[in-house]
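Undergrad: The task is simple: from the sequences and hints, build the whole structure.
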Amino acid sequence: MNKFKIITTTLVLSLVLFSCKSSDNSTADMLSGTVKVDGSSTVFPVTEAVAEEFGKIHPKVRVTVGISGTGGGFKKFCIGEIDINDASRHIKPKEVKKAKENNVKYIELPVAYDGLSIVINKNNDFIDYLTVDELNAIWKAGSTMKMWSDVRSDWPNRRIKLYGPGTDSGTFDYFKEAIIGKKNNIRSDFTKSEDDNVLVTGVSGDKYSLGFFGYAYYAENKDKINVVPIDGGNGPVVPSGKTINDGSYTPLSRPIFIYVNPESAKRPEVDEFVKFYLENGDELANEVGYVGMPNKVTKKVIERYTKRLTGSWF
Amino acid sequence: MIKNNLKNRKKIDSIFKVASKIITWSSLVVLAVLLYHVSITGISKLSLDFLNNFPSRFPHKAGIKSALSGSIWMLTFVTLISVPIGVLSAIYLEEYSKKNRITRFVEINIANLAGVPSIVYGILGLAIFVRFFQLDRSVLAGSFTMSLLILPVIIISSREAIRAVPKSIRLGAYAVGATKYQTIRHHVIPIALPGILTGVILSMSRAIGETAPLIMIGALTYVAFVPETVMDPFTTLPIQVFNWASRPQAAFHEVAAAGIIILLIVLLFMNAIAIFLRNYSNKKYDF
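As given, the protein sequences belong to chains A and B, one line each in that order. Just remember that the numbering used here sits 45 ahead of the position in the first sequence, which is counted from 1. Just remember that the numbering used here sits 1 ahead of the position in the second sequence, which is counted from 1.
Heads up, some of the hints might be wrong.
Simulated pairs of lysine-lysine, DSS-like, Cα-Cα distance not exceeding 25 Å [claimed, not checked]:
1) 62(B) - 101(A)
2) 105(A) - 66(B)
3) 228(A) - 142(A)
4) 237(A) - 206(A)
5) 227(A) - 191(A)
6) 120(A) - 145(A)
7) 66(B) - 101(A)
8) 120(A) - 252(A)
9) 150(A) - 137(A)
10) 252(A) - 237(A)
11) 206(A) - 269(A)
12) 62(B) - 267(A)
13) 185(A) - 206(A)
14) 105(A) - 62(B)
15) 320(A) - 101(A)
Derived Cβ-Cβ restraints for the label pairs, each shown as a range [claimed, not checked]:
16) 286(A) - 213(B): 31 to 39 Å
17) 98(A) - 53(B): 15 to 23 Å
18) 77(A) - 37(B): 42 to 50 Å
19) 228(A) - 34(B): 43 to 51 Å
20) 27(B) - 139(A): 47 to 55 Å
21) 31(B) - 167(A): 25 to 33 Å
22) 139(A) - 107(B): 40 to 48 Å
For the record, the hints were derived by calculation from the structure and aren't laboratory data. Backbone N, C-alpha and C define an ideal beta-carbon position, used for all residues, glycine too.
TA: Encoded structure:
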């Protein structure tokens, strides 16, 4: 019967521990408590870097970061389950409505830029650049572009193979909105994967392929794939730290956000974390393959947070 | 006529033998290739630091401490929750319950539950344990969800083990005046124990490798502390490995491989315990 003794002791012990867990986060010098972050896996590397650095200064504060996706994170954020949501797109009207129903407000804070990169195989020698119109013609629903020669007549008569992130990702949403438009549909006959590394492998093994994903995945795989300069009306531009930062890589550079619940921001540990995020986010974003924002934008973002301005910015 | 037939049958016999051999070995080769690939990639990252560090944005500093401890915490509570419930249910269904429509209904449902995709348990866990019982994204919520997932397997394998105990043993015990409880406690359970243990360990191995239900209930990816109570947030080995594997940096893929090696070691260790316990009890109750 020894086993049952162990079981009951452990259960009782765990209950005792549970009831003992008090919430004394009032000590001024030693900040403690929990900051709950969830949301986009695209923003995750930046938030993780910030949490890591923050943990060195405030070791007693427990920062947890999940990756439920932008939409999954908003589901939790809008019912007040988490303090901060990582988002790779704006909050949707549906989500705003849900938040209102639950009396949750939000402060929208852009923290870095990401440049969606259009990539091709290393051995692809015919594509010098693509215009936004050409991208639209290739990717829109019911597209007649089956062969590369349909795009430009001097390109080879080979089948276009398309790769892209799954339809649940914020990256996909942003690409669709920027290239296809809000109302129209994107074609569905492309190879989808939630894991961008799979897309890298796919494009690098297929000479006539075309794919898109976040800049970090291109930057880390420059030896395997090539990036296509994009002409958004002012001549072809290659995505790089500089062109994404100064906004010349358009329309495919996008801001990534954190959404802060102003109720949570009243807690000192959350407040400190957000301030730390805004002050150091740009530098840390560069370290993990994203592009920090220009200083004057960062200043505005900090101001916005200090004033606790809720609602959407743009 | 008969001779020809014999020749034919012998031919089929040898073809069947070769085919079975090829199929067995080819699956082993796939496993070997996988293991080789993972060890080659990950072995250089394995160190005490790797076990002792928390996750980091720098691949050389990233460690598995929070994930390993989270997995161990969860596994402990999964065992505490699912083994008593599973084994006692199996005993009830095999030894006590009357074979009527209700028990048959229960049996069919348990068998069906064993085939439900794990993500469904995640949705259930999110609704019941995380939200309704307000356990939040804690070790306890994760353990309850995982217990639900593996209970059907434990019940089914325990029942098989109990059913395999010869009827003569029970009748012998009754004959010398033992009560039903005494019979079960002193004869049926000890004899069925190896089978029960095998089922328990197999389902534990499943629990340690599952990610989908945990991601669903919102177990986290970045956790830089070791859980101290059952109500603390946690992360587990497969979640951490999944996160590293999907990073753009190749160095993180090596870290992921190292994480897989740790996961495999934990699994092998658990299987070793199972084999040890089985051999130990086999010797004691031989008939």
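Undergrad: All hints, please: hold or fail.
TA: Comparing the hints with the structure gives:
Between residue 62(B) and residue 101(A) the alpha-carbon distance is near 14 Å, which keeps this suggested pair within the 25 Å criterion. Proposed proximity of residue 105(A) and residue 66(B) is supported: the alpha carbons are some 17 Å apart, at most 25 Å. As the CA atoms of residue 228(A) and residue 142(A) are separated by approximately 21 Å, the hinted pair is consistent with the 25 Å bound. This hinted pair checks out: residue 237(A) and residue 206(A) have alpha carbons roughly 11 Å apart, not beyond 25 Å.
With a C-alpha separation of about 24 Å, the suggested pair residue 227(A) and residue 191(A) falls inside the 25 Å cut-off, and the hint holds. The straight-line distance between the Cα atoms of residue 120(A) and residue 145(A) is roughly 13 Å, inside the 25 Å bound, and the hint therefore holds. As the CA atoms of residue 66(B) and residue 101(A) are separated by approximately 17 Å, the hinted pair is consistent with the 25 Å bound. Only pairs whose Cα atoms come within 25 Å are accepted, and residue 120(A) paired with residue 252(A) is rejected, the gap being roughly 40 Å.
In summary, the hint linking residue 150(A) to residue 137(A) is supported, as the alpha carbons are separated by about 14 Å, within the 25 Å threshold. Restraint check: the Cα-Cα separation between residue 252(A) and residue 237(A) comes to about 18 Å, which is no more than 25 Å; the hinted pair holds. Our distance criterion of 25 Å between C-alpha atoms is met by residue 206(A) and residue 269(A), whose separation comes to about 17 Å. Restraint check for residue 62(B) and residue 267(A): satisfied, since their Cα atoms lie roughly 24 Å apart, inside the 25 Å limit.
Between residue 185(A) and residue 206(A) the CA atoms are separated by roughly 14 Å; this keeps the pair inside 25 Å, and the hint holds. Using a Cα cut-off of 25 Å, the hinted pair residue 105(A) and residue 62(B) holds, with the two alpha carbons roughly 20 Å apart. With a C-alpha separation of about 15 Å, the suggested pair residue 320(A) and residue 101(A) falls inside the 25 Å cut-off, and the hint holds. Between residue 286(A) and residue 213(B) the Cβ separation comes to about 36 Å, which falls inside the hinted range of 31 to 39 Å.
At roughly 19 Å, the beta-carbon separation of residue 98(A) and residue 53(B) lies within the given 15 to 23 Å, and the hint holds. For the pair residue 77(A) and residue 37(B), the supplied restraint of 42 to 50 Å holds, since their beta-carbon distance comes to about 46 Å. At about 48 Å, the CB distance of residue 228(A) to residue 34(B) agrees with the hint of 43 to 51 Å. For the hinted restraint 47 to 55 Å between residue 27(B) and residue 139(A), the CB-CB distance of approximately 50 Å keeps it satisfied.
At roughly 29 Å, the beta-carbon separation of residue 31(B) and residue 167(A) lies within the given 25 to 33 Å, and the hint holds. A beta carbon spacing of about 41 Å between residue 139(A) and residue 107(B) agrees with the range 40 to 48 Å that was offered as a hint.
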